Amino acid sequence: MSELRKRGLQAAVICSEPFLKLGKNQARVFGVPDLPLLLIPHPLGGLSLEQVEGRAQHAIPQVVELIKTSFK
Amino acid sequence: MTDLSTLLKTQGASLEADDDFDAVNALMRERGWSDGLPIVPPTAQRVEQMLAYCDRPWGEPIAKMAPRYGEATPLRLAANAVMAGCRPEYFPVIMLAVEAMCEEPFNLYAVQATTHLCAPLVIVNGPVVKELDINAGHNAFGPGWQANATIGRAIRLALVNIGGAIPGSGDMSTFGAPSKFSYVAAENEAQSPWEPLHVERGLPKEASAITVIGAECPHNVNDHESITAEGILTTIAGTMLDAGANDLYYDAQPLIVMGPEHAKTVADGGLSKAQAKRFLFEHAHLPLGRFSQENIERRFRVTWKERFATAGPEAPVPMVQKPEDLLIAVIGGAGKHSAVINTFGATRAVTRALKTRDGRYAKSVSDFRK
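Which chain is which? The protein sequence lines are S and U, in order. Offset between the first sequence (1-based) and our numbering: plus 14. Offset between the second sequence (1-based) and our numbering: plus 1.
A hint or two may mislead.
Listed below are the simulated DSS-like cross-link pairs for lysine-lysine, each with C-alpha atoms no more than 30 Å apart in a straight line [to be verified]: (1) U:K306 / U:K206; (2) U:K65 / S:K38; (3) U:K323 / U:K306; (4) U:K65 / S:K20; (5) U:K206 / U:K371; (6) S:K86 / S:K35; (7) U:K131 / U:K323; (8) U:K356 / S:K35; (9) S:K38 / S:K86.
Bear in mind the hints are in silico, worked out from the structure with no lab data behind them. Everything numeric in this text was worked out from a predicted model, so none of it was measured.
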């Protein structure tokens, strides 16, 4: 993801709240401190398919917003 | 070679503190540079004594430690070794273990950051075991031995202070494990009926070597009844059965630690290490029906379509993918016990020999003295 970002493409990582700190640290380590982290509710494992869709629904508006800002 | 005083002048290489044990420990705790236990203050003098056993440039990284990818220079490693309470002669083993766990196949990033509770386990072989008095006998994985306790602790402190394995931000382990304080044992070569681990992995017997494994804590195998190889191995294979093991999902290399008494029974039955591995591979199977319906439907039938797409509840699920993936080491004292050590799964064991800079197998840690 950091490589894509460095090439100027819009890229983001989707993560759940407990992994936000790790995500921020890693973005800094890989030289893309401004890499967007899109938050979805925890957990990601042990979900029914409907719940997985719910996570996607949570992420979609954030992804759309990210795409919109990249065309501003 | 740059001397220590010059190196310490580089930015961030040193800091001033009151010459007081409690004050230094308070500072370390405040900065998060500790495993929670008191540390030995890493004064310039102590660090220099540690570096006396280093034949590499003190300021040049030997590896980058994930997930922070901090540069592991001898200087930084020596500071952590002092903090851990190491004797200077341990330092070559610490350097070697850190170098080995930073090699690609070990997958240190994942071992450090995963929610799983693994820690790098270091098994030591060869003449260095006797020279440094590394425990291979009773309580080899436990406390009571300076080399085991402090070499492992130095590695942990480096994993935290250089690698950034901070609980909740670089180390996401759901539980952690006591083995994250220190996890070092030597193989009991004198009481092993087989070739030592480092020889099996391609090194000469006279070499000193370490093997790093991204491992769980030992799980005991009690067998006081079996008097045949088949009996002992059947009990070990039964202990390997584990529906919740990470190893199930990868080409993993779980470690079978055989107590010397169990190992003797197996070897007296005429089995080589390779034959013991084959037996364990063939007998450590769980029927598919022992897994939850969700795991069968969402994991087995999808990930291993060829094998399990239509398999019934009796279909065998192997705990390892092939016999040679199993690692066997003989460790421990008297007693009718062995241990199964599962791993993180997405990690390969790395074995490296203690060599001097010119590529020779070190005969002694004093070969590293400047």
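The hints, checked one at a time:
A C-alpha spacing of about 43 Å is found between U:K306 and U:K206, which places the hinted pair above 30 Å, so the restraint is violated. Our distance criterion of 30 Å between C-alpha atoms is met by U:K65 and S:K38, whose separation comes to about 19 Å. For the suggested pair U:K323 and U:K306, the alpha carbons sit about 18 Å apart, so the restraint of at most 30 Å is met. With a C-alpha separation of about 21 Å, the suggested pairing of U:K65 with S:K20 holds against the 30 Å cut-off.
A distance of roughly 26 Å separates the Cα atoms of U:K206 and U:K371; the hinted pair therefore holds under the 30 Å criterion. Among the hinted pairs, S:K86 with S:K35 is consistent with the structure: their alpha-carbon atoms are about 28 Å apart, no more than 30 Å. For the hint linking U:K131 to U:K323, the alpha-carbon distance of about 34 Å lies beyond 30 Å, and the restraint is violated. Between U:K356 and S:K35 the CA atoms are separated by roughly 39 Å; this puts the pair beyond 30 Å, and the hint is violated.
Proximity of S:K38 to S:K86 is assessed by CA-CA distance (about 25 Å); at most 30 Å being required, the pair is judged to hold.
When held up to the earlier numbered hints, the structure conflicts with 1, 7 and 8 and fits the remainder.
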